[in-house]
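Got chain A sorted already, so can you dock chain B onto it with the hints?
Going down the list, the sequences are from chains A and B.
So the first sequence is numbered by the numbering used here: it starts at 15 and just counts up by one.
So the second sequence is numbered by the numbering used here: it starts at 15 and just counts up by one.
It should be emphasised that the hints constitute simulated quantities derived from the structure, not laboratory data.
Do not take every clue at face value.
[As the list claims (entries may be wrong)] Derived pair list, reagent style EDC-like, types lysine to aspartate or glutamate, alpha-carbon separation capped at 16 Å: (1) 38/A - 54/B; (2) 104/A - 199/A; (3) 104/A - 23/B; (4) 130/A - 163/A; (5) 28/A - 54/B; (6) 38/B - 54/A; (7) 28/B - 52/A; (8) 28/A - 60/B.
[Claimed, not checked] Output of the computed footprint for chain A on chain B, the stretches with three or more beta carbons under 8 Å from beta carbons of chain A: (9) 18-24; (10) 76-89; (11) 95-109; (12) 131-142.
[Said to hold, decoys possible] Non-contacting residues of chain A with respect to chain B, defined by C-beta distances greater than 12 Å in every case (computed): (13) 27; (14) 42; (15) 54; (16) 55; (17) 58; (18) 72; (19) 94; (20) 128; (21) 131; (22) 148; (23) 165; (24) 172; (25) 173.
Think of the CB as a built atom: it goes at the ideal place given N, C-alpha and C, for glycine as much as any other residue.
Protein chains: 2
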Amino acid sequence: MSFFPASIENLVDKLASLPGIGTKSAQRLAFHLLSLPEGEAEAIAETLLTARRSIRRCRVCQNLTDSEVCPICENGRRDRGTICVVSEPKDVLAIERAREYTGVYHVLHGVISPMKRIGPDDLALRELVGRIAEGGVGEVIMATNPDPEGETTASYISRLLSPYEVKVTRLAYGVPVGSSLEFADDATLTRALEGRQEY
Amino acid sequence: MSFFPASIENLVDKLASLPGIGTKSAQRLAFHLLSLPEGEAEAIAETLLTARRSIRRCRVCQNLTDSEVCPICENGRRDRGTICVVSEPKDVLAIERAREYTGVYHVLHGVISPMKRIGPDDLALRELVGRIAEGGVGEVIMATNPDPEGETTASYISRLLSPYEVKVTRLAYGVPVGSSLEFADDATLTRALEGRQEY
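Extracted from the complex, chain A is given alone in its bound form (with noise of 0.2 Å):
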């Protein structure tokens, strides 16, 4: 589109390259940031950089956080001895969500993808194993999306917790086959989380 200057061409084609985005929310969304008064552009520039900067994950659960321990590690009320495995930050907002959940988390960044080439140890799991082996641990839930990758990833995980005196769950099939934790409504993570079953 050779009728817009190179910096709004740019703009136009990062918005574009985010999950979600096709051209036209690109487009629209461009000209709504570039119509805002500066300071405005700026603040959200600003907004994106400072939680880009200060983010880092949790030294206990791995989930991303500002301070060494997240909140939800270091709320004296949640019971450390349940942890529930989950792939991505976002899914630990899911099931927050569903306000059913009472134990602590640990998120590995990924699942077990051959295709991708994402193999064990690009996943959190030496931090998850480190976990068990200090004790104190009663059951692990393993709540990967229901799909391929996640239930590879659930079920190896299983293996490598065996050894251990830990009872591993899954979460039940109250969440549709195929789809995604993350889109997943509070009353089907509620039953599921009810249902889970052990490995």
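Below, chain B without anything else, positioned relative to chain A:
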């Protein structure tokens, strides 16, 4: 949502304030942006800042550009005797997509709206009248949105230009009434251009 650190919540809030982005989309975008390598997140913020800082209005048509005169006004092959008047820069994009129009534009940056306290003085009307007064313009095509505010603005401008020897036309109602020009398809816009009517 107290289980995520403030910097992530701030980012989600900023993203959710953009048009067409709800809370869930904002969360998905935020986690995507935070999982990017730091350099890529900085590149996105930098692109936004560069675009916002370098952008200004074309001296001739008032469209957003990063030079004194925009690429369309500078293009010697465009017919400067025909001016298409639109309310927003994104409407220029919509009409250019139809590949039918060979004239130049004038961007009003708004429409007359008593509800939003936007009057004629808030639009780039003085610049439009200046272009007509200079002479050499045979036709002004009103291409504001086919909604009440767009109609009011178009008919106000047609009266404003009546002292000058210029034909003022309006896009034909090929564009679906009550919708936004931005979402019209190419064929509809082409028919609307071909069937334009004189006031």
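Here's how the hints hold up against the structure:
1. 38/A - 54/B: violated, 22 Å
2. 104/A - 199/A: Status holds; Cα separation ~14 Å.
3. 104/A - 23/B: Cα-Cα ~13 Å, so holds.
4. 130/A - 163/A: Measuring from Cα to Cα gives roughly 11 Å; hence the hint holds.
5. 28/A - 54/B: Holds - the C-alpha atoms of residue 54/B and residue 28/A are around 10 Å apart, at most 16 Å.
6. 38/B - 54/A: This hinted pair is violated, its Cα atoms lying about 22 Å apart.
7. 28/B - 52/A: The hint holds at about 15 Å.
8. 28/A - 60/B: holds, 10 Å
9. 18-24: Holds: 6 residues of the stretch 18-24 of chain B have a Cβ under 8 Å from chain A.
10. 76-89: holds (count 7)
11. 95-109: Coverage by chain A holds here, the residue count being 5 at a Cβ distance below 8 Å.
12. 131-142: As far as the stretch 131-142 of chain B goes, the hint is violated, because 0 residues have Cβ atoms under 8 Å from chain A.
13. 27: Answer for residue 27/A: violated, closest chain B Cβ roughly 8 Å.
14. 42: violated, 6 Å
15. 54: violated, 9 Å
16. 55: Nearest chain B Cβ is 4 Å from residue 55/A, so the label is violated.
17. 58: Violated, since 5 Å does not exceed 12 Å.
18. 72: violated, 10 Å
19. 94: holds, 15 Å
20. 128: With a cut-off of 12 Å, residue 128/A remains clear of chain B, as the shortest Cβ separation is near 21 Å.
21. 131: Its Cβ never comes within 12 Å of chain B, the nearest being 17 Å, so this holds.
22. 148: At roughly 23 Å from the nearest Cβ of chain B, residue 148/A sits farther out than 12 Å, so the non-interface label holds.
23. 165: Given a closest Cβ separation of 22 Å, the condition holds.
24. 172: At roughly 26 Å from the nearest Cβ of chain B, residue 172/A sits farther out than 12 Å, so the non-interface label holds.
25. 173: holds, 27 Å
In summary, the numbered hints that this structure violates are 1, 6, 12, 13, 14, 15, 16, 17, 18.
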